[in-house]
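Given chain D's structure and the hints, the job is docking chain P onto it.
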Amino acid sequence: MTDPIGAIEDRFPKLVAEGYGLTSVPTDAYNCVAWVARDIAQWWGPGVDGYYWPFPSQDDSLTSFITLFRSLGFEECPDGTLEADIEKIAIYGNDDEFEHVAFQRNDGSWSSKLGELGDIRHDRVDSIAGPGFFEYSNVVAYITARGKYVGHSAYETCGALK
Amino acid sequence: MVDVPSVLTNPGPPPDEVLRGGVASTAFVAATQGMELGHLALPSLRLEVPEEYEPAPDLVLWNWASSAQNAVGPVVDFRDQVRWYQRVLANAKRHAAESVADALEDRHAHRSAMRAVARDPVLAQFTHLGNAATSVALRRLTDESHRPLWLYVLQSMSEARPAHGADGLDAATRAWRDWGRQRGLIP
Numbered sequence: 001m002t003d004p005i006g007a008i009e010d011r012f013p014k015l016v017a018e019g020y021g022l023t024s025v026p027t028d029a030y031n032c033v034a035w036v037a038r039d040i041a042q043w044w045g046p047g048v049d050g051y052y053w054p055f056p057s058q059d060d061s062l063t064s065f066i067t068l069f070r071s072l073g074f075e076e077c078p079d080g081t082l083e084a085d086i087e088k089i090a091i092y093g094n095d096d097e098f099e100h101v102a103f104q105r106n107d108g109s110w111s112s113k114l115g116e117l118g119d120i121r122h123d124r125v126d127s128i129a130g131p132g133f134f135e136y137s138n139v140v141a142y143i144t145a146r147g148k149y150v151g152h153s154a155y156e157t158c159g160a161l162k
Numbered sequence: 163m164v165d166v167p168s169v170l171t172n173p174g175p176p177p178d179e180v181l182r183g184g185v186a187s188t189a190f191v192a193a194t195q196g197m198e199l200g201h202l203a204l205p206s207l208r209l210e211v212p213e214e215y216e217p218a219p220d221l222v223l224w225n226w227a228s229s230a231q232n233a234v235g236p237v238v239d240f241r242d243q244v245r246w247y248q249r250v251l252a253n254a255k256r257h258a259a260e261s262v263a264d265a266l267e268d269r270h271a272h273r274s275a276m277r278a279v280a281r282d283p284v285l286a287q288f289t290h291l292g293n294a295a296t297s298v299a300l301r302r303l304t305d306e307s308h309r310p311l312w313l314y315v316l317q318s319m320s321e322a323r324p325a326h327g328a329d330g331l332d333a334a335t336r337a338w339r340d341w342g343r344q345r346g347l348i349p
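Line by line, the protein sequences are chains D and P. Note that the first sequence covers residues 1 to 162 in my numbering. Note that the second sequence covers residues 163 to 349 in my numbering.
Pulled out of the complex, with its shape left as it was, chain D reads as follows:
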């Protein structure tokens, strides 16, 4: 990918105005689901040989992904308000289709691995959602893992562009 920043800003134009930073080089080694699960060695997803998926069911519905996040220790919560020592994740989707997941950093901003593009820190959770072809659908659920991933140190040291 010759222009990783352009690839992101072309697809998610609100990021420029609302604030973001690139936090890794592009890679197809892992995706947003793996990113939330602290796994930067596998591409998580159901139904495709070579992807990692921890369940026998290869259901790719939103419900299936929420079940996955619950199995990782997350529970649904009402919103994405920053709370001390509580990590929250935002799930983007539409009807029963999962599209993306981001996690909240300890400064209240959000971290997203954008498919095969890089990881980014974005100030607003909805900067990557919208009606554009490339934009994700809106956040459909917030879920939280109290104390499970405090500090985010695993993320902060990942990526060549930190």
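Hints listed in this document are in silico derivations from the structure and should not be mistaken for laboratory results. Here a beta-carbon is modelled for each residue, glycine too, at the ideal position from N, C-alpha and C. One or more of the hints may lead you astray.
To be verified - Okay, the calculated bits of chain D under chain P, using three or more residues with CB under 8 Å as the criterion:
hint, region
1, 69–80
2, 105–113
3, 117–125
What the hints assert, rightly or not - Listed next, with one range per pair, are the computed distances between beta-carbon atoms:
hint, chain 1, residue 1, chain 2, residue 2, range
4, P, Gly346, D, Gly108, 50 to 60 Å
5, P, Asp340, D, Asp123, 42 to 52 Å
6, P, Ala286, D, Gly6, 35 to 45 Å
7, P, Gly292, D, Thr2, 45 to 55 Å
8, P, Gly346, D, Glu83, 51 to 61 Å
Frame of chain D, contents of chain P only:
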């Protein structure tokens, strides 16, 4: 959507069938989008194929059909023309598959989940290009870029599951590479 000449995606007769002489008069007309070639009283046309025509087989075929209709001469052997047609078609399909593959990578590089890919009409365009598309997908997969996308595409367009049980993207890529090589789809 990518601009792909419809002759490349319309289902036609298998090339081997076209070559099997007797069926050619019907089959070849079908393969050329129903252009009125008349009987298979095709003269032994010696057609020069300018390089710039190769990505546009519709135009080449139209020229050929027009020439055939107007030509006068004995039927000698049409197989050279059919083989030429096959080469032009294969070349054009490869060009088209590369263009559609570029579009797929561009449209879905930001995706982590593949449902949106599944319903993308560009994926259907790609799939309709048949073996040319499979070859392009295998080559791009083994080039190790956009592997999750190409693993999904290959699995969706093939009945084969060579990577079933593969542990990770690397292993799945190797499995598809071996599968493609065994079938002569990639070098």
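Here's how the hints hold up against the structure:
1. 69–80: Three-residue rule not met by the region 69–80 of chain D, so violated; n is 0.
2. 105–113: Check failed, 1 qualifying residues.
3. 117–125: It is violated: at least three residues are needed, and the region 117–125 of chain D offers just 1 whose Cβ sits closer than 8 Å to chain P.
4. P/Gly346 / D/Gly108: 50 to 60 Å: 56 Å, holds
5. P/Asp340 / D/Asp123: 42 to 52 Å: 46 Å, holds
6. P/Ala286 / D/Gly6: 35 to 45 Å: 28 Å, violated
7. P/Gly292 / D/Thr2: 45 to 55 Å: Between glycine 292 of chain P and threonine 2 of chain D, where Cβ atoms are some 30 Å apart, the hint is violated.
8. P/Gly346 / D/Glu83: 51 to 61 Å: 59 Å, holds
In terms of the numbered hints stated before, the structure departs from hints 1, 2, 3, 6 and 7, listed from lowest to highest.
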